[in-house]
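J.: If you read the sequences in order, they're chains A and B.
Residue numbers for the first sequence, in the numbering used here: 5 to 97.
Residue numbers for the second sequence, in the numbering used here: -13 to 209.
Simulated from the structure, these hints should not be mistaken for laboratory data.
Note that CB positions come from ideal geometry on N, CA and C, so glycine has one too.
Heads up, some of the hints might be wrong.
Pair ranges (Cβ atoms, derived) [unchecked claim]:
no.	chain 1	residue 1	chain 2	residue 2	range
1	B	A41	A	N52	46 to 52 Å
2	A	G89	B	R130	57 to 63 Å
3	A	G89	B	S85	36 to 42 Å
4	B	V(-3)	A	T51	48 to 54 Å
5	B	D33	A	D9	26 to 32 Å
6	A	Y23	B	D126	20 to 26 Å
7	A	L47	B	K(-9)	47 to 53 Å
8	A	G68	B	A92	22 to 28 Å
9	A	Y23	B	G97	24 to 30 Å
10	B	G45	A	D9	33 to 39 Å
11	B	V131	A	G68	17 to 23 Å
12	B	D33	A	L47	30 to 36 Å
13	A	G89	B	V3	49 to 55 Å
14	B	T124	A	R56	24 to 30 Å
A few chain A residues that face chain B, going by a derived Cβ cut-off under 10 Å, partial list only [stated by the list, open to error]:
no.	residue
15	M5
16	Q7
17	C10
18	R16
19	Q18
20	C67
21	T79
22	E83
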Amino acid sequence: MFQIDCPWCGPRDQQEFAYAGEAAIKRPENPASLSDAEWADYLFMRTNPRGRHHEQWRHVHGCGQFFDVVRDTVTYRIESVDVPGRPALGDAS
Amino acid sequence: MSEIKIESPLVDQVEAVRGNSAPAKVGVRMTEHPFLGQIVLRGKSSDTAFTAACAGVLGCEVPTTPNTYAEGQGVVIAWMGPTEWLVLVDGESTPAWLSALRGALADVHAGVLDTSGGQTLISLEGPAALDVLAKGSTLDLHPRVAPTGFCTRSLLAKSAMFVRVVEAGQRFEIVVRRSFADYLWQWLVDAGGEYGLAIQPAESTLVLAGLQASAPPKTATGA
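Chain A with its partners taken away, still in its complex shape (with noise of 0.2 Å):
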């Protein structure tokens, strides 16, 4: 179990949230124009990194809200925490 910093209600523990997926999946401009493999690749592939993770919480049991949180998947420390539609990792910033 660890605490979550909901960017409204301050820190609570993990039980009020909802793991919500990855973040910065970004929605393919023209959908038509890709084959089978790349829209297959858009919806279901995701990474799953052995560190660092850009993914979504939903504090479902307080305010409500979804939220990006940047998570290391092996230490479970939370490096930061921020209203959506933060950059993906490793995009300039």
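Go by the hints and put chain B onto chain A.
T.: Just chain B, lined up with the frame of chain A:
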């Protein structure tokens, strides 16, 4: 047409309705406040048309500081999320509040939802109230973190709850869903037993903390 009778979700808990014989040493007093008006208000606090219309009806601004509530004349407005507020009023005046809010917000992007029948309110008061809640929740309700004027949704004994601090460390109000109310009541009776639990007969009244609506207290977590 036959008349529809309203019933509290705790109607099967005899002590919740009639009270119990108080123990010699009372650490916590528990009362159900059924049939209050509980209105969920949705809208954008950045929309001045929305905030002005709400302030006009409610008599005070909707609180925009997370986890705080404001009080107007006979009304409590609690922050539930950045676009969501819980409005507590007396049961009898609920239709009037609803139509006033709906009228004022008719041309605004907003939502007014009556959830009165779907949840009930239980108040806990006394020096052991904090200890009873600490048994079932990871939420820190100590006065240094949760002063008078603090409110939030969280979990209590695995049930979702909304908690409002009416008097820091002393008096709390819990709003629970109808379907969880009977379970949570029994859990509270069990959890409070060791401190000396006095149950007062159900009272359909709204309790105000006497806060200044214009100056919501700062929480430890800030805005």
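J.: Next, verify each hint and record whether it holds.
T.: Status of each hint after checking the structure:
1. B:A41 - A:N52: 46 to 52 Å: This hint holds: roughly 49 Å between Cβ atoms.
2. A:G89 - B:R130: 57 to 63 Å: Taking Cβ atoms as reference, G89 of chain A and R130 of chain B lie about 34 Å apart, which means the hint is violated.
3. A:G89 - B:S85: 36 to 42 Å: 38 Å, holds
4. B:V(-3) - A:T51: 48 to 54 Å: 53 Å, holds
5. B:D33 - A:D9: 26 to 32 Å: Distance hint for D33 of chain B, D9 of chain A holds at roughly 28 Å.
6. A:Y23 - B:D126: 20 to 26 Å: 23 Å, holds
7. A:L47 - B:K(-9): 47 to 53 Å: 51 Å, holds
8. A:G68 - B:A92: 22 to 28 Å: 25 Å, holds
9. A:Y23 - B:G97: 24 to 30 Å: With a Cβ separation near 28 Å, Y23 of chain A and G97 of chain B satisfy 24 to 30 Å, so the hint holds.
10. B:G45 - A:D9: 33 to 39 Å: 34 Å, holds
11. B:V131 - A:G68: 17 to 23 Å: Cβ of V131 of chain B to Cβ of G68 of chain A: about 21 Å, so the range 17 to 23 Å holds.
12. B:D33 - A:L47: 30 to 36 Å: Distance hint for D33 of chain B, L47 of chain A holds at roughly 35 Å.
13. A:G89 - B:V3: 49 to 55 Å: With a Cβ separation near 50 Å, G89 of chain A and V3 of chain B satisfy 49 to 55 Å, so the hint holds.
14. B:T124 - A:R56: 24 to 30 Å: Roughly 27 Å apart at Cβ, these two residues keep to the hinted range, so it holds.
15. M5: Where the cut-off is 10 Å and the nearest Cβ of chain B is about 9 Å from M5 of chain A, the hint holds.
16. Q7: 9 Å, holds
17. C10: 8 Å, holds
18. R16: Result: holds, 7 Å to nearest chain B Cβ.
19. Q18: Nearest chain B Cβ about 9 Å off; hint holds.
20. C67: 4 Å, holds
21. T79: 21 Å, violated
22. E83: Where the cut-off is 10 Å and the nearest Cβ of chain B is about 19 Å from E83 of chain A, the hint is violated.
In summary, the numbered hints that this structure violates are 2, 21 and 22.
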